[in-house]
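Asks: Hey, can you piece these two chains together into the complex? The hints should help.
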Amino acid sequence: MQEYLIVLLAATTAGFLNRIILLRRDYRQYPTYPHGQLTHLALGFIAASLGAVAVVAIAKPDYVAVTFLVLAAQEFREIRNMERESLGKLEENKLISRGTDYIEGIARVFEARNYLVIFTSLVTGAVVQIFSWPYAFIAAPLMIMVSLQFMSGKVIGDIAEIQEAKLSFSGTMLKIEDVVVSNVGLPEVREKILREGMGVLIKPKDDDARITLDSPGQRQAIIHDAVAILGTKVDVNEPEYMPMARKQIDQGYIAVYIIANEPDIEFLIEVIKRVPVIESSKGTALKAYYGRKAAD
Amino acid sequence: MEIKINDMILAIVTLDETLIRGGGCPVFIAANEEQQQKIGLYLSKILGGVVHDLENGVFLICGH
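Protein sequences, first through last, are from chains G and X.
The numbering of the first sequence is the numbering used here, which starts it at 1 and goes up by one.
The numbering of the second sequence is the numbering used here, which starts it at 1001 and goes up by one.
Keep in mind the hints are simulated off the structure, nothing from the lab.
Cβ coordinates follow ideal geometry from the N, Cα and C atoms, glycine included.
Hints may be right or wrong, so weigh each one.
No more than 16 Å apart at the CA atoms, straight line, and that leaves these computed lysine to aspartate or glutamate pairs for EDC-like [stated by the list, open to error]:
| # | chain 1 | residue 1 | chain 2 | residue 2 |
| --- | --- | --- | --- | --- |
| 1 | X | K1045 | G | E238 |
| 2 | X | K1045 | G | E188 |
| 3 | X | K1045 | G | D235 |
| 4 | G | K203 | G | D158 |
From the derived model, a few chain G residues whose C-beta atoms are all more than 12 Å from chain X [what the hints assert, rightly or not]:
| # | residue |
| --- | --- |
| 5 | F45 |
| 6 | Q129 |
| 7 | Y135 |
| 8 | G171 |
| 9 | T172 |
| 10 | V189 |
| 11 | A228 |
| 12 | D296 |
Here chain X stands alone, though its shape is the one from the complex (with noise of 0.2 Å):
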């Protein structure tokens, strides 16, 4: 059987690294919105998690 990690953050994209505290998953700082998704996605696709976008310039990768 296949093991997967379900419901957890994979990783975080951020544009501002200030609005980040703790750990347990690595964080990407990228430095505009344009590169902000192009990491997501690259992120998405090699994590195959899902894209989440907080609104305030965090992206979150989630596994569901």
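In isolation and in its complexed conformation, chain G is listed as follows (with noise of 0.2 Å):
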């Protein structure tokens, strides 16, 4: 038993770290409830767990408690499911929901990082069980490392220059520079659009950027964030004020316009550079030979 203890230990340790590091409460303010933190961290805490156990179970030999830990890391699968049905229970009742692209790619990574943990644990298990356990102190911080850069996807500021624009009006047109938006029928709500409305234009790097933004899910993940750090003046009865993010369909750039509670251009343009990719809603045009053939 103490031969196998302390690669328990350090496989757990390991494990649970990774899970902590990889929770970071960021600035998406999700997930933003202690509760929801504890369920993850729990979670995450018989995910590692499980990867340490599984080392020892192997090195016993005992290959029907192996059997019992896959099945076991099935339960994992639920991680998904729970994050889906609550963000999805929670966007009924948002003035500016996420969508359900977002949520899709909040569920796969919430999933994921639980595999990562175990997966972490497992190694440095592994390394503890065949070396030592001194071992443990390079295996844990480079496994952490690799499930960092795993979790760390793309953001829109990798794939697309994103600039300031100008709101006008051609009559009741609301337009961010050649992009038409939308019809606006009162004088006073195009006077506080001039006024206080912000613009930016996000103009894709490549073709499989310029497809990324075509995907409404991802334009709704961009105002989402951007309505989550600089608030918006939508209420239940406002709908005037509605952020909007519109493409310019001859060149394929985003326009989105957005009235917020602090209209800071330049805070602005670093948020919507911060959105991640969705996964869901990635182009990928340039992988295939006819794409590559057709953007030139």
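Replies: In structure tokens:
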């Protein structure tokens, strides 16, 4: 028992540490609730001990136990459903929704993090079992670094240029530079939009980026993050100030307009730069042969 | 779950009733532009819709 104890301890600690590091309470305000964090930490601990016990079970060897551990790992699929369901439920009462694409992306990330935790504790445990315990101090940070690398997806700033744009009206049509956004009927609303509205153009760097930005789910994610940080003047009976993202259909760039509580254009640009590229919206045209041909 | 009316004309405010045909939604007739804007504003608040201007003296209040 004594010899396995050190393996279990090292592997579980490494895995749990990894989960804590991956569970950042970031600027997108998720997960904000202490209970949500506790749930994920508890599940992370279970995942870490699963990985640790697997090493011991193989070393013993007790293959029946290994089979049961594989079955237990299936449980982590539930995490995706759990996140999807709870975020989906919250969506109904949000003024500016996240959009299903964004929710799906978040849910997948939460699931994947647990597998990374299992993997971290598995590798750390194996290293301790095969060599000796000081090697855990090398294996664990290395695995955590690999996990962070895995989990750091692209952001909008990587795939597109973001620049300030001017809002104007031609008659009653609201325009951001040359992109027609919507029709605004009341003169006082038009004045307010011109006075307080902020516009930006998101110009894709290549064809992949253009297809990514085409996706309404990706645009909704951009709007959601901008509003989550800078606020919005939309209310239940004030849908006129609803932020919008529209495409310049010929050039393929996106024009975003928002009336925020904090009208700081430079921060709006920074926020949009940090919006994650949603997995399911990601364009892959340039990876296809004809896509590359068509691009030039 | 709350059920909302989306993408539909909820009301029309017009200066000239001859510009409107057909039914399906209430039509309010305003005497002048000022009154039209006021009715439009009230209706948008009451119905939770957005006021659109067809630029021919007809306002639509739409749910989006």
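Asks: Determine for every hint whether it applies to the structure shown.
Replies: Against the structure, the hints:
Annotation: proposed proximity of K1045 of chain X to E238 of chain G holds, straight-line Cα distance about 7 Å (limit 16 Å). Only pairs whose Cα atoms come within 16 Å are accepted, and K1045 of chain X paired with E188 of chain G is accepted, the gap being roughly 14 Å. For the hint linking K1045 of chain X to D235 of chain G, the alpha-carbon distance of about 10 Å falls within 16 Å, and the restraint holds. Note on K203 of chain G and D158 of chain G: the hinted pairing holds, with a Cα-Cα distance of about 11 Å set against a maximum of 16 Å.
Against the 12 Å criterion, F45 of chain G stays outside the reach of chain X, whose nearest CB is about 35 Å from its own CB. Interface exclusion of Q129 of chain G from chain X stands, the closest Cβ pair being 53 Å apart, more than 12 Å. Listed as outside the interface, Y135 of chain G is consistent with that label: its C-beta sits roughly 55 Å from the nearest C-beta of chain X, beyond the 12 Å cut-off. The non-interface label for G171 of chain G is inconsistent with chain X: the shortest C-beta to C-beta separation is roughly 6 Å, within 12 Å.
Distance to chain X contradicts T172 of chain G as a non-interface residue, since its nearest Cβ pair spans about 4 Å, not more than 12 Å. Listed as outside the interface, V189 of chain G is inconsistent with that label: its C-beta sits roughly 7 Å from the nearest C-beta of chain X, within the 12 Å cut-off. With a cut of 12 Å on Cβ distances, A228 of chain G stays outside the contact zone with chain X, its closest approach being about 21 Å. Even its closest Cβ contact with chain X, about 39 Å, leaves D296 of chain G beyond 12 Å, as expected for a residue assigned away from the interface.
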